[in-house]
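Residue numbers (the working numbering), protein chains in the order written: chain A, 1 to 51; chain B, 1001 to 1226; chain C, 2001 to 2205; chain D, 3001 to 3244.
Careful: at least some of the hints might be erroneous.
As the list claims (entries may be wrong) - Label-pair ranges, simulated between beta-carbon atoms:
1) B:VAL1062 to D:TYR3177: 14 to 24 Å
2) A:VAL26 to C:ALA2132: 58 to 68 Å
3) C:SER2170 to B:GLY1203: 49 to 59 Å
4) C:ARG2128 to A:VAL30: 53 to 63 Å
5) C:SER2170 to B:LEU1116: 46 to 56 Å
6) D:TRP3023 to C:HIS2081: 15 to 25 Å
Claimed, not checked - With a straight-line Cα cutoff of 20 Å, these simulated EDC-like cross-link-like pairs (lysine to aspartate or glutamate) come out:
7) B:LYS1002 to C:GLU2071
8) C:LYS2067 to C:GLU2054
9) D:LYS3156 to C:GLU2054
10) B:LYS1002 to C:GLU2075
11) D:LYS3156 to B:GLU1226
12) D:LYS3156 to C:ASP2052
13) D:LYS3089 to D:ASP3153
14) D:LYS3089 to C:GLU2057
15) A:LYS40 to D:GLU3241
16) B:LYS1023 to B:GLU1078
17) D:LYS3176 to D:ASP3128
18) D:LYS3089 to C:ASP2052
19) B:LYS1002 to C:GLU2109
20) A:LYS40 to C:ASP2013
21) D:LYS3156 to C:ASP2088
22) A:LYS40 to D:GLU3233
23) D:LYS3089 to D:GLU3233
24) B:LYS1023 to C:ASP2088
25) B:LYS1023 to C:GLU2093
26) D:LYS3118 to D:ASP3128
27) C:LYS2067 to B:GLU1078
28) A:LYS44 to D:GLU3233
Derived from the structure by calculation, the hints contain no laboratory data.
Idealized CB from N, CA, C, for every residue including glycine.
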Amino acid sequence: MNEFFAMSGYGQYVWPAFGIGFGIVVLIYVMAVSSLAAAKQEAKRRLEMNP
Amino acid sequence: MKAGPLQAARLVMVRDLRLAFRKPSQLLQPLMFFMIVATLFPLTLTPELSRLRDAAPGVLWVGALLSSLLALEFLFREDAQDGTLEQFALSGQSLTWMLFAKTCVHWLLTGLPLALSAPVAAVGLGVPAEAMWSVVAALALGGFALSLIGAISAGLTLGARRGGVLLSLLTLPLAVPILVFGADATQRAITGGEIAPPMYLLGAIAVLGVTLAPLAAAAAVRIGLE
Amino acid sequence: MLNVSGLHLWRGDRHVLRNVSFTVDAGQCLLLTGRNGAGKTTLLRAVAGLLDPEQGEVSWRGTAARKSRGEFHAELAYLGHDAPLKGDLTGRENLRYSIGIRRAVAANEIHAALERTGAQPFADRPVRTLSAGQRRRVALAGVLLTGAVLWLLDEPTTNLDSDGKRLVASLIEQQLAAGGIVVAAVHQDLDLGSGSVVNLELAAA
Amino acid sequence: MATWTWFHRFGSPPWVYGFAARWAPWFGGAAVLSMLIALYGGLILAPPDYQQKDAFRIVYIHAPVATMSMAVYSTMAVAAAVGLIWRMKVAHAAAAACAPIGAWFTVATLATGMLWGKPMWGAYWVWDPRLTSELVLLFLYFGYMGLRAGIEDPQKADKASAVLAIVGAVNIPIIKYSVNWWNSLHQPATRLIGEADMDWSMVWPLLLMLAAFFLYFGWVMLIRLRAELLRRERNASWVREVVA
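For reference, chain A alone in the conformation it holds in the complex (with noise of 0.2 Å):
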């Protein structure tokens, strides 16, 4: 398992490239359904606003 982790003294650079990538990829993802989050309670602010 260690070994594995290590991959072959290259860890330092393989996990945190993993890391930021797919940081990136949830964070996209986050992003995007804030995004349709904040623009349904604007609609729906709007609506309450003037029926």
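Starting from the known structure of chain A, fit chains B, C and D onto it as the hints suggest.
Chains B, C and D in isolation, oriented as in the chain A frame:
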């Protein structure tokens, strides 16, 4: 009798040149800016000509780009504010040709004088005398391409708030090829190499720019006038 | 000749033009009235083709203006709120260039037009030294010089004295008598003695 | 006839909104599943590279995000052109939805490229032509988003940014060519992976990961598209029905 598109373009050029010469102080600003930039490099880098010579292409081209950007902001903005650009768009004439004319004037007033006076700055950067013609030719051609690219971003930022910084943000990435080929031509001129290959590429970009940039600028200006 | 049908236009969040339709024929004048913000300027700019309506169409001589923009604009003169003049040029120079890009124009023609609008006395001063009313007179001379059939005028009498208001009215009358069309946004009455005048009141959005 | 109906449907915001809502979960599920399989294949099943040892495994994240950074720009430019030519609101909304996604993919490309560069070149940043092009691409995205943010009127912002996207798309090949030219003057070409001698067990996880990222892009793009449509159509009656 309706005027032809070339007649209209010629009149726009005459008008813009006349307007520019009514304000001679503003006319010289890009040139002076370029000279100051070129002076700052020896002061911050090294006074040794042999080392400055290596940096010379970069200094000349970054300086040219920045001073071209400086004047770009006024390319369409004043005409848009006083309503004359709107009248161009409603004249029944090709806006593309008229904007091409304005872009040519921008080059005549910034790119060309800058290229012609570049030897003064180049001497101070240790560029050998025999390279001067090539330096001038590359800056003149590259400056023309820069003006064409810049016309698109100047049109696009017409409708934007804080147009100044945005204008640079839009123009700089698009100008990368011009800088690369231009600086390479200058580099080759300084080291006594063959400048034809990068000059051909610079020429190709200018030709592409002449055919496409005024069209894009006209589309951008029409959007900006809305 | 000028036919506008079912125009809808939004500016950001405001539905400014709601289903505006009208037809104006040769020799007719359309006066647009309505409160500030009712969309008079927007309508004029949409007719001129400066704004892109969401829905609806402007057609000129039976063809969509958007499709034959060059021909339409060659027959159109648009005068907005501010006189479209360069401050560093004289009135005469301004006209030489702004008309020159449209058609070949002789110096005596410009002179005659400036005489008609009473702008001749100050036509050789830089425009930035002129008053707003004087600029408007220079700009009106420009409208005359275009020789356009269709005039779109946005508040043509602003900044003009009573003398100037009469001038605008008589220019419009002459344009109508010659078979032209005028669409003007106004908020005070224009005393048009002759010619057929139609009113269109825009409701505030 | 059939294509025309399709074209018409994609021009209708409520239809596209519903379509996006229905399809996004499928894209999402397929993307996550294939990403996990590809990760297993890339990190565990694939043998280490004979030269780069295990460092080569960065390819499984770097290559997909790099591909996407370009693919998203192309999608954006095509959508922008469709919006401009056929005056299609949905296409403009799609272009707007692409920009932040593409910019983040570009950031990911630069970050993973730097982490790969350190063991291979001995420095986090080397002016490698591919990384340099990515950097310029990031500036293009910044310019696009800056222009959008700088123009208040949404329709005007749509049209102006569409012109910029098209100009950028024409320029990208020229930029790439110029950067390659510039690089060849100063240093011999560097290659991050020996593309020629990859074993199949190394290749399939890469291909699967690429497919996974395309699906993932479809997923997040559909979500963002819905948000853009809601914002643009906030006065339309269908929006009232959707949120009520």
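- request: Please name the hints from earlier in the document that this structure breaks, with their numbers sorted from lowest to highest.
  value: When the structure is compared with the hints, numbers 6, 21 and 27 turn out to be violated.
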